[in-house]
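**Student:** So you can see what is in the structure, the chains are spelled out below.
2 protein chains.
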Amino acid sequence: MKKFSWKIKKVLLNGRARLGTLTTPHGKIETPAFIFCATKGVLKAISPDQAKTNNTQIILSNTYHLMLQPGEKVVADHGGLHKFMNWDGPMLTDSGGFQIFSLGYGSVSNEIKGIRTINKKTSSLVKISEEGATFKSYIDGSIKLLSPERSIMIQRKLGADLILVLDECTTFHAKKSYTSESMKRSHRWSLKSLDEYSSSKYYRPYFGSAGEQKLYGIIQGGIYKDLRDESIEFNLKNDFFGIAIGGTLGSTKEQMYDIVNFTANKLENNHPIHLLGIGEPLDIWNLVEAGIDTFDCVMPTRIARHGSALTRNLSKGKINIKNSKYKIDQNPLEIGCNCSTCRKYTRSYIHHLFKANEILGLQLISLHNIFFMNLMMEDIRQSIKNDNFKEVKKSWFN
Amino acid sequence: MKKFSWKIKKVLLNGRARLGTLTTPHGKIETPAFIFCATKGVLKAISPDQAKTNNTQIILSNTYHLMLQPGEKVVADHGGLHKFMNWDGPMLTDSGGFQIFSLGYGSVSNEIKGIRTINKKTSSLVKISEEGATFKSYIDGSIKLLSPERSIMIQRKLGADLILVLDECTTFHAKKSYTSESMKRSHRWSLKSLDEYSSSKYYRPYFGSAGEQKLYGIIQGGIYKDLRDESIEFNLKNDFFGIAIGGTLGSTKEQMYDIVNFTANKLENNHPIHLLGIGEPLDIWNLVEAGIDTFDCVMPTRIARHGSALTRNLSKGKINIKNSKYKIDQNPLEIGCNCSTCRKYTRSYIHHLFKANEILGLQLISLHNIFFMNLMMEDIRQSIKNDNFKEVKKSWFN
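Each protein sequence line maps, in turn, to chains A and B. If you're matching positions, the first sequence starts at 2 in our numbering and goes up one per residue. If you're matching positions, the second sequence starts at 2 in our numbering and goes up one per residue.
I should point out that these hints are in silico values taken from the structure, not numbers from a laboratory. Fair warning: there could be bad hints in the mix.
No copy labels: a pair is met if it fits in one copy or bridges any two.
Below, a list of computed lysine to aspartate or glutamate pairs in the EDC-like style, where the Cα atoms sit at most 20 Å apart [claimed, not checked]: (1) K254 x E131; (2) K328 x D141; (3) K238 x D196; (4) K345 x D78; (5) K10 x D141; (6) K74 x D330; (7) K345 x D89; (8) K137 x D388; (9) K326 x D78; (10) K345 x D50; (11) K317 x E269.
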């Protein structure tokens, strides 16, 4: 039976950026790594095979979406999410908490961009109690309770390699008193998650052939460093395989970098460290320097479906293919790119696909953006290995 | 420079079904063959590479759509449609006439199903004159004239291997007098098309590297056998490489089979014979027996996008994956199928994709349906070779 392990192979000279290997029963992840979002058990416009061809190491699915559609039982009956969606590499599932809360509050990345607002009208969140989060299903309107125990039970059935405790993702707008109360409740939920995890370890659909699952704790505390300290201490003293940094990271990039640096600096080398929901290229370079090992974000595939291709040479780091200036542009999405899209298609053709509402366009840009992110992560890893991180970083943002 | 040729290798014992090879500068087509519709220079949910992996020999694009978006100049500037869309195999373009008329009348297949009606309100057809068809662009509302000469000029720029003359596609509802008048005008348009074709043979974007283009005439005459005779005579006496059977084929399957048999029977062996717009599996088996070499239809990919997968063993020849009975069905779309979808995904998973509005579902069923059609055509060819056509046909509709 394959086992889990976490090994730091090298730390950047005069820095905190680190090169690691996270081994799972479904294969190794070379870190720093990007985790692509297969929210509903699918990478939207592309297949897992296509993602693998473009160097994807690990994907993430969402407990919240899958518990509602198709329901965890359907997935478990297939032998787990790997088999259900035909992805045989490493996989992570979140706990469902983030979606329940973010559907009410808006997303973390929106908050950092200053556009996060609490929207009571569109919120599906009904109540947060000691027991868990009660919400209204967007499928049939029924009222559901997601408790820490139930989140782990569902994640056992989904069968991802890496799973998360249920937490409340607090917002920047929350007062310190609420952030503190919420954090303490999230810690109590974490202990319940750990208990359920420990007692249900043989529950994984194909335990035995593919090994067990490993649990990540989540550090809360918002923008308050004393609370972050408290949450770091809680997470380090409990038996988590990995540690994720969650909750609000502030309302500006500077605040985000500050909080992540403050937090990651205290976590040392025993755990792989995941930063939840952050994935802009520059943020990744900056936060790898803080010691983050894995990142996830819907950005690369979401913007692809809106016509935006990631590029390293243009000032904004992306081009929108719908812009009429690309109508006759016979360059690839990114000049010099070796992805399956750029080797075969021009900007002009992909512009045509978007103008004509042809969905192949979504596939082609998604593939490019996935390749781009994976190439960037590979460059990050090589530059840590070669101790030329800063030079290589500069070459990506010239 | 590669050349065109058409060779009949074998005719079914005691039948008219025939095995042929149609050679083009972009490769050979083993016939009987199915031509998949890449209407706007794209096979909708899938890439040309994916179509090729699933055994596609030849695709078709539409002059009407491409002249409006992105415009033939953009395509020509890429060196033609093959390079624009990254398809290096054989390709056919229609003349644009069918779309202009069918947008007014409804499609041929609708007519055969008895649901074709003339819809003056949604028609984009403004006027038919000796000069050509005047219509309103659905892109910008501007008035465009498609003349026989202009259709050929555009098809020269698109650069497909096989191109068609401009014709008016008459409907079942047209009186004999109109059908006759229209046919005679289509013949005059054919002569103009031939003239333009002959004088513009060096116009193809990448003539020289990929060879020339070949022109198909189109037999009109609707359901009137004396008119069909007249159109057959016209087409045979002019210098067309291939011959297509167009116009209305009646309002019932029996009438369609009767007209196609009547027409194909008189065309002998000198030309590859294409039947425009027909592609239901049973129709293909029946009309291969009439001597048809190639077929085209949007059906396999269009129904895929609505959740219908082609199957040989069920009474109706297809299943709709959105049906709730597939929610927990772990069989592949078709049991025993070896396509890239059926080897990897269950009905339950694809049902989930459609329930969750995930566009990968469109890709997965499109790939299955394309594989299915190509496998069926291969079985048809083998059964002509082995003189067991009727037995093999029966095995597809048991």
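**Student:** Evaluate each hint against the coordinates.
**Tutor:** Tested hints:
no.: 1; hint: K254 x E131; result: neither (33 Å within a copy, 67 Å between copies)
no.: 2; hint: K328 x D141; result: between (43 Å within a copy, 16 Å between copies)
no.: 3; hint: K238 x D196; result: within (15 Å within a copy, 86 Å between copies)
no.: 4; hint: K345 x D78; result: between (40 Å within a copy, 16 Å between copies)
no.: 5; hint: K10 x D141; result: neither (49 Å within a copy, 60 Å between copies)
no.: 6; hint: K74 x D330; result: between (49 Å within a copy, 13 Å between copies)
no.: 7; hint: K345 x D89; result: between (27 Å within a copy, 11 Å between copies)
no.: 8; hint: K137 x D388; result: neither (50 Å within a copy, 63 Å between copies)
no.: 9; hint: K326 x D78; result: between (50 Å within a copy, 15 Å between copies)
no.: 10; hint: K345 x D50; result: both (18 Å within a copy, 10 Å between copies)
no.: 11; hint: K317 x E269; result: neither (34 Å within a copy, 63 Å between copies)
Hint check: violations occur at hints 1, 5, 8, 11; the rest are consistent with the structure.
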